[in-house]
Amino acid sequence: MRPATRLIRGTRCGHDPYRATAPPLYQTATFAQATATGFDAYDYSRTDNPTRRLVEDELASLEGGHGALAYSSGMAAVAAALRLAPTGARVLVAQDLYGGTERLLDRLDLEVARIDTTDPASWTDAVFEGAHLCYLETPSNPLLETTDLRALARWTRRHGVVLVVDNTMLSPWLQRPLELGADLVVQSCTKHLAGHGDLTAGALIAKERALYEPLAFQRNAEGTALAPFDAWLLSRGLKTLGVRLERAQDTARQLVKFLRGHPAVTRVRDVGMGSVLAFETGDVARSQQVVEGTELFSIAVSFGGVASSISLPCVMSHASVPAARRSAVQLPPDLVRIAVGLEDPGDLIADLDRALSAPRGQPRPATASA
Amino acid sequence: MLFETTSFRTQCVHAGTPPDPTTGSILTPIHQTTTFVQEAVGKDRGFTYSRAANPTVAALEARLAALEDAPHAVATRTGMAAVTTLVLATVSAGERIVCGRTVYGGTVRFLHELIAPFGVQVDFVDAGDNAALAEALVEPARLVLVESPANPTLELCDLRRGAELAHAAGALFAVDNTVLTPALQRPLDLGADVSVLSTTKLIEGHDATLGGALVTRDEDLDRRLRRVVKTIGCSQAPFDAWLTLRGITTLPLRAKQQSDNARTVARFLEGHPAVARVAHPDLESFPQRTLAVQQQSAGGPLIAFELEGGLGAGTELMNRVRLCSLAENLGAAETLITHPASMTHADVPPAQREAAGITNGLVRLSVGLEDPQDVIRDLREALTVAEAALTSSGEVTR
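In the order they appear, the protein sequences are chains A and B.
Residue numbers for the first sequence follow this note's numbering, so the first one is 1294 and each next one is one higher.
Residue numbers for the second sequence follow this note's numbering, so the first one is -9 and each next one is one higher.
In isolation and in its complexed conformation, chain A is listed as follows (with noise of 0.2 Å):
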């Protein structure tokens, strides 16, 4: 089965005796059981949920692990996965990570070690050493940096070190890290995989069952799964993941090049892939202006969503990272994001173009509005 098959028919209950189409939404708390003393495949949904259940073993075979199990937010499934490393174990994370991640990240109690997942000549047996687990995105947000992460595990194996990557930029249609030796996958759902912003939600994709086994009864412990209409909006997004990022990639290849001819832009950052690009015009009032001029682009934070978003990730999304850090990362202060979404891309060309052109200053000329 090709992946656009997979989408499709990965979605469809197989259990469901009347053979619906759309799958069947269990939105019950509890489940009978057959007899006193034995617990039949489902008994409440904090532990398992039939609906949820399909969307995690869809993920599960999009990214290729074991087993999935799906979160109210993606922050909750970032929280699951660093709780793996238990109370002042050292971990090593990326420089580059989303606030919210950040923000988590200080109020744990671990022994924090950045490491530079970009640049493989700064790795040495010291930097792995007695490390519990390794955490990063790629590509990073919203800096756009990758990492290569078929080196990265060869030396994240060789120390027992957990490698632990947020995929939620590209999703699986575009990038599989468990198969480049990832062990755990991180996706916020609410973005790329359920695609339409109507939900959030979180996963955690795991390539092993001695992995998924201890998480799962976490999950169970702490009841952080994701609620079962959620789980069956999601199914119903990922329907059309391909359509959709085949799509908003290719827009995202034509604003790019836009933005590389246009005069007010000093340095565009993309990677060629995915939905989302940065760039940046060398002055802060300035990126403001043209975020504030928009029309079709809403201000506002996520990705992968149908319509698209215009952001200044460091009063925004990056806001919760601490100013230190974000000197350290060197987050530009005038860079804007950019979430690109289902429009026509000349549509989003011409409302860029009449943002970044108005004169410094100066609201943009008024548009015709009805």
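Be aware that a few hints might be false.
As the list claims (entries may be wrong) - In silico DMTMM-like pairs for lysine to aspartate or glutamate, Cα to Cα no more than 20 Å straight-line:
1. B:Lys220 <-> B:Glu209
2. B:Lys220 <-> B:Asp34
3. B:Lys246 <-> A:Asp1543
4. B:Lys246 <-> A:Asp1637
5. B:Lys246 <-> A:Glu1539
6. B:Lys246 <-> B:Asp361
7. B:Lys220 <-> B:Asp208
8. A:Lys1550 <-> A:Glu1438
9. B:Lys246 <-> B:Glu274
Claimed, not checked - Facing chain A, a subset of chain B residues (Cβ under 10 Å, in silico):
10. Phe(-2)
11. Glu125
12. Asp197
13. Thr240
Since the hints were made in silico from the structure, they are not lab data.
The C-beta atom is built at its ideal place from N, Cα and C for all residues, glycine as well.
We have chain A already, so just place chain B on it with the hints.
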């Protein structure tokens, strides 16, 4: 609209749904409410009771209207509720409806069994033949209703000519645009007065809702349609409206991909020795290819075909496919295979089925978003197994 743009793809994402004015929520809230508190007697904000109007349903209506460059659309609970609303709003006892003879079986059942007994004259005509349509419209009519492409044979109606003929006979021209949707065909631009949609199909596209809509640029007609919906209570539900809005955001992507996939699968079928005939508007062999190019921007997801072995072979095929699902709906994300004579069109009188070309051996395939090579492999394997089964049971001698 909040912005100056009319690109179809952009409309699919934004039209009708500016961010929520009170919270900034990018998605329209689901107003799952029966009633709305009124400020004072006789003073409301346009919403009083959800059978008459609901903000989430109104957002869907605004988007559906924008997709056909129309000021108005009214959403209904199902596709058949849209057809019902259209007929009740436009035709009275003693008046006449001219309907294409190849239309969805539910439409035929409704007109035959529920409308004709009220003293409405219902005549079915070959809408794919301009001369036959002209002859039927020598006599005045109130409503002309056609499908193009017609479900399930894919015969086309010349919509521009059909509109002229209907208007000359004093009739409104209604086009059921369910198979192609405004992503691939714009009936109002070709002269139709109303575009009829079963949003259950390609519009919502995920096989998760039922819904219908009537889109028109005629303000008076819109007012009459709304009055019927409010009166008979066939209004769309807020939750289904919301799911349909989400579905529309990917409509252009799905419509294009499914058309491309259908063309690939149709070409495979055309080259297979067990297949007697194949219809898809993108095939060079399609009899109305010129008209298809004129009034459609792509062929759409549907394929109609018949096997050399007729009904026996078709039944074997439909029972043996594994990836394609034997199911009724069309335009869904997954590939569905249907036997119109016993399923979608079972309630069409046999003589009318025969005249319309809905033979017992006809197979309808609605191609989804799967990789078309997987669909082809499934069909090829099923055709091989079906042929072997029929040969060994002696049913086919060729």
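Which earlier hints can't be squared with this structure? Those not satisfied come down to hint 11.
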